[in-house]
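My request is simple: use the sequences and hints to build the entire structure.
Here's the letter readout for the chains.
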Amino acid sequence: MDSKLFPEGIERCSLGKFLAWLAFISLGLAWGAYAAGIIFWKGIGVTGLDNYFGFGLWITFDLAVIALGAGAFFTGFLKYILKIDQLKNIINLTVIVGFICYSGAMLVLTLDIGQPIRAWFGYWHPNVHSMLTEVIFCITCYCLVLVIEYLPLILEQKQLNKIPFLHHLAHQMHVHMALFAGIGTFLSTFHQGSLGGMYGVLFGRPYAFREGFFIWPWTFFLFVLSAVGSGPVFTVLVCTFMEKLTGRKLVDFKVKALMGKIAGTMLTVYMFFKLLDTWAWAVDVLPRMGLTFDQMFWGTVYGKWMLWTELFICGVIPAIMLITPAIRNRPALLYLAGILDCLGIVINRYVFTVQTIALPVMPFDKWYVYVPNWAEWAPSVMIIAYGFLVMSLSYRYLPVFPQEKALNAK
Amino acid sequence: MSGHATKEFKVRWGMVIDVDKCTGCGACMVACQVENNIAPATPEMDAWAGVTHDASNKLRTLTWMLVYEINNKKAFPEYEAAYMPRPCMQCASPACVPVCPVVATDKNEEGGIVSQVYPRCIGCRYCMAACPYHARYFNWFDPTWPTGMDKGLSPSTSVRPRGVVEKCNFCHTRFQQAKDKARQDGGDPNNLPDGAYVTACAEVCPTGAIVFGDLNNPEHKVHALAHSKYAFRLLEKLGLGPQVYYYSKREWVHRLGDNYLPNEKKA
Numbered sequence: 001m002d003s004k005l006f007p008e009g010i011e012r013c014s015l016g017k018f019l020a021w022l023a024f025i026s027l028g029l030a031w032g033a034y035a036a037g038i039i040f041w042k043g044i045g046v047t048g049l050d051n052y053f054g055f056g057l058w059i060t061f062d063l064a065v066i067a068l069g070a071g072a073f074f075t076g077f078l079k080y081i082l083k084i085d086q087l088k089n090i091i092n093l094t095v096i097v098g099f100i101c102y103s104g105a106m107l108v109l110t111l112d113i114g115q116p117i118r119a120w121f122g123y124w125h126p127n128v129h130s131m132l133t134e135v136i137f138c139i140t141c142y143c144l145v146l147v148i149e150y151l152p153l154i155l156e157q158k159q160l161n162k163i164p165f166l167h168h169l170a171h172q173m174h175v176h177m178a179l180f181a182g183i184g185t186f187l188s189t190f191h192q193g194s195l196g197g198m199y200g201v202l203f204g205r206p207y208a209f210r211e212g213f214f215i216w217p218w219t220f221f222l223f224v225l226s227a228v229g230s231g232p233v234f235t236v237l238v239c240t241f242m243e244k245l246t247g248r249k250l251v252d253f254k255v256k257a258l259m260g261k262i263a264g265t266m267l268t269v270y271m272f273f274k275l276l277d278t279w280a281w282a283v284d285v286l287p288r289m290g291l292t293f294d295q296m297f298w299g300t301v302y303g304k305w306m307l308w309t310e311l312f313i314c315g316v317i318p319a320i321m322l323i324t325p326a327i328r329n330r331p332a333l334l335y336l337a338g339i340l341d342c343l344g345i346v347i348n349r350y351v352f353t354v355q356t357i358a359l360p361v362m363p364f365d366k367w368y369v370y371v372p373n374w375a376e377w378a379p380s381v382m383i384i385a386y387g388f389l390v391m392s393l394s395y396r397y398l399p400v401f402p403q404e405k406a407l408n409a410k
Numbered sequence: 001m002s003g004h005a006t007k008e009f010k011v012r013w014g015m016v017i018d019v020d021k022c023t024g025c026g027a028c029m030v031a032c033q034v035e036n037n038i039a040p041a042t043p044e045m046d047a048w049a050g051v052t053h054d055a056s057n058k059l060r061t062l063t064w065m066l067v068y069e070i071n072n073k074k075a076f077p078e079y080e081a082a083y084m085p086r087p088c089m090q091c092a093s094p095a096c097v098p099v100c101p102v103v104a105t106d107k108n109e110e111g112g113i114v115s116q117v118y119p120r121c122i123g124c125r126y127c128m129a130a131c132p133y134h135a136r137y138f139n140w141f142d143p144t145w146p147t148g149m150d151k152g153l154s155p156s157t158s159v160r161p162r163g164v165v166e167k168c169n170f171c172h173t174r175f176q177q178a179k180d181k182a183r184q185d186g187g188d189p190n191n192l193p194d195g196a197y198v199t200a201c202a203e204v205c206p207t208g209a210i211v212f213g214d215l216n217n218p219e220h221k222v223h224a225l226a227h228s229k230y231a232f233r234l235l236e237k238l239g240l241g242p243q244v245y246y247y248s249k250r251e252w253v254h255r256l257g258d259n260y261l262p263n264e265k266k267a
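Protein chains in written order, with the working numbering: chain B, 1 to 410; chain U, 1 to 267.
Simulated from the structure, these hints should not be mistaken for lab results. A couple of the hints might just be wrong.
[What the hints assert, rightly or not] Straight-line C-alpha distance at most 30 Å; calculated DSSO-like pairs for lysine-lysine: (1) B:K158 with B:K244; (2) U:K221 with U:K74; (3) B:K366 with U:K265; (4) B:K304 with U:K265; (5) B:K42 with U:K58; (6) B:K249 with B:K261; (7) U:K151 with U:K229; (8) U:K74 with U:K249; (9) B:K304 with U:K249; (10) B:K304 with U:K7; (11) B:K366 with U:K74; (12) B:K304 with U:K73; (13) B:K410 with B:K88; (14) U:K221 with U:K237; (15) U:K107 with U:K179; (16) B:K249 with B:K410; (17) U:K107 with U:K10; (18) U:K10 with U:K221; (19) B:K366 with U:K181; (20) B:K42 with U:K151; (21) B:K83 with B:K4; (22) U:K58 with U:K10; (23) B:K366 with U:K151; (24) B:K4 with B:K158; (25) U:K221 with B:K366; (26) U:K58 with U:K181; (27) B:K366 with U:K10; (28) B:K405 with B:K244; (29) U:K7 with U:K179; (30) B:K88 with B:K261; (31) U:K73 with U:K249; (32) U:K221 with U:K7; (33) U:K179 with B:K366; (34) B:K410 with B:K158; (35) B:K366 with U:K58; (36) U:K237 with B:K304; (37) B:K4 with B:K304.
Structure below.
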C-alpha cells in the first residue's frame, strides 16, 4: 500500500506487518510516556534516586548512548575529512544512530533535572568553569549538526526528492557536508571529553578524580578515546541486528570489517592509556588521598570483578580481536568483539557514575547500593523504543543503505 | 589535591565543633530545621504511581545539619563512641562551586559562606555528586508541613520549591540581621563582635560543643580553637579547606577524620 514511498528498487514487508511492529514499539513508548508524565507532575521523587545517588541510571544511560553514538562524528570525520570513501555505505546509518542517541539523551536529561522549565538557564547563566556547561552547549549544538546531517537523507525520500527545490537542497547540503562533519567533529570531541572531565574534576570523589593535562583531567581524553573506540563498532552491531531482523543484507561485510579495524585501532590506543591511568590512579592519586585501591571496591555490585571485566574481558581482548585481521574478518568474531567492546564502555560509564558516588569518602560513612526503579527504567525503555521507531521509519522509507539493492539482487 | 584556586576573605565565618563535648542529642538538627524552614518528610502514598514517600527514608529527607555517630572500632571495655555534627563545610575551595553549570552556587560573599541561589538552580545535582560530605540535599517532593505547623514558619527564610538543591548556609538570615543591627547601632557590619552573629545550631547546643565566629579574627573564640593542636578538619587531604573545624583530644577521632590508614603516621 505504501510501496510508492519505498526507496528505488527496494522491497519491504507489508504495511500490516509494519504497523504491527510499530504497535509493539509503541508499548515501550507508552510505558515511558506514562512514567514521564508522572515525573513531570510529581517530580523525580518518584524515582529510585536519593540524596546519596543524585546521579543514577539516566546519567549512565546518557553517557553510554552518547559514547556509542560516537560513530556518527568519527565516521563522518573519516568519510568527509579524511576521505575514506568506503564508509559512504554506512555513513547514513551512523548519522541516524548518532541522531537517535543524542536526541534520546537530551529527552532523558529533561526528565533528569529537577527544574525542567529552567533547562535554558544553562545557556543564559553559564558557568564557564563547569564541564557540564561545555557539555550543555556542545551537546545541543552537535544535536543540531546531526539534524543537518540527517535532513538530506529525509529529503532524498523518493517522493520528496521529486520536488525540485528539495532535490537541489539535499544536493547542496551533501556538497557542504564536509563543513558540518568538521563542526560535528569539533563539537563532539569536546563534549565527549567534557563528559569525562565532569567526573575527573570531582576532587572530592577519589574513584573518579584524576590529575590533569593543562586544564583537563585525564578522563577528558579517555572518554574521547573510548567513544571513538566503540562508536563505529556499535554502528556495525546495529546494522547487523537490522540485517537479522529484516532478513536482508544491508552493508557489505568489508565495510563492517573496516569499521571494526577503525574501532579496534582506537580501542587499542584507549586501552593503552586506560591501563596506564588505572595504574597511576592506584599507586599515586589514591595514596595521596589517604586511600587504597582495595577501598574503592565493595561487595558484588561494586566489586573488583567489574574493573577487571572492563579492562581485560571487555577491553584488551576485543582490542586484540579487532586489530587482528584474521579474527576481525570472521563475522561472528567481529560481532563478538564488538559486543564486548560496547559492554566495556557501558561498564566504564556505569562505574564512573554510580561507583564514584557510592564510595564512602568519609571514613565513618558506609557504602550504599543504588537500585533504579520502574520510573527510571520506563523512560530509558522509551528512548530505546524511540530509537527503534526512528530507525524503522528511516529503514522503510529512506535510502539509508546504498548497497542494499545490489547485495540483495536475485 | 584541590582542583582550583582558593579565594581569600577578610572575614571567614566558621565553626569549631568539640567532638568530646557533643552528646549527639540532635538539638542542632532540630534548631536548623526550624530556623531554616526545612520541610519535614511527610509520609504519602501514591499508589497509582507505585511510590511511597517514606518519612523514615533518611536518604530523602532534608537535613542540613546531620549528626554522625562514630566509634573507635574496639570491643568493650575499650569501646568509645563520639558524635560528629556535620553542617555544610563552607569549603575554602569548594568542590560544588566550579561544577555548577548555572552559577547557582558560589563563594563570593564576604564571610566566605558558600551561597546557594534557589531560583537559579536547575536541579542537575552535579554539586551533590561533587560534595564528599553529603552536605547538599535535593528537594525530592513539594514542601508540605503538617497541619498548623506552617504557621510557625520563619518569615525571614524562603521556602525552597521541589527540584532544587539546598544546603546549610550558616543561617544566612541571621548574618543579615546581625549586620543590620550593627548598622543601626553605629557599628561596623564588616567587623562584627564575637557572638553578634551565631547560627541556630551553635545557639541551641546544650553542651556548648558548637562555637561559631570569624576564624580570621583573633578576638573571636573560634580563632584560638581552630588553631589548637586538638583541632582538625574532615578530609583535610582532599584539599577542600573546610571552614568547619572539629576539636578532640582523642587520637582515634582525628585519624577517623581524614582517612588515615591504620599504620600511617598522622601529619
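Is K7 (chain U) close enough to K179 (chain U), meaning Cα to Cα at most 30 Å?
This hinted pair holds, its Cα atoms lying about 22 Å apart.
Next pair to validate is K151 (chain U) with K229 (chain U); report whether the Cα-Cα distance is within 30 Å.
Violated - the C-alpha atoms of K229 (chain U) and K151 (chain U) are around 46 Å apart, more than 30 Å.
Quick one, are K366 (chain B) and K181 (chain U) close enough, alpha carbons at most 30 Å?
violated (44 Å)
Take a quick look at whether K73 (chain U) and K249 (chain U) sit within 30 Å of each other, Cα to Cα.
The given pair, whose Cα atoms are some 17 Å apart, holds under the 30 Å limit.
Regarding the pair K107 (chain U) and K10 (chain U), is the alpha-carbon distance no greater than 30 Å?
Holds - the C-alpha atoms of K10 (chain U) and K107 (chain U) are around 13 Å apart, at most 30 Å.
What's the verdict on K249 (chain B) and K410 (chain B), does the C-alpha distance respect the 30 Å limit or exceed it?
Between K249 (chain B) and K410 (chain B) the Cα gap is close to 12 Å, so the pair holds against 30 Å.
For the pair supplied as a hint, K221 (chain U) and K237 (chain U), is the alpha-carbon distance within the 30 Å limit?
holds (25 Å)
Can you confirm whether the C-alpha distance between K221 (chain U) and K366 (chain B) stays at or below 30 Å?
Cα-Cα ~34 Å, so violated.
Quickly compare the C-alpha distance for K4 (chain B) and K304 (chain B) to 30 Å and report which way the hint goes.
violated (56 Å)
For the pair supplied as a hint, K221 (chain U) and K74 (chain U), is the alpha-carbon distance within the 30 Å limit?
violated (34 Å)
K179 (chain U) and K366 (chain B): Cα distance at most 30 Å?
violated (40 Å)
K366 (chain B) paired with K10 (chain U) [C-alpha distance capped at 30 Å]:
violated (37 Å)
Checked against the numbered hints above, the structure breaks hints 2, 7, 9, 10, 19, 21, 22, 23, 25, 26, 27, 33 and 37 and satisfies the rest.
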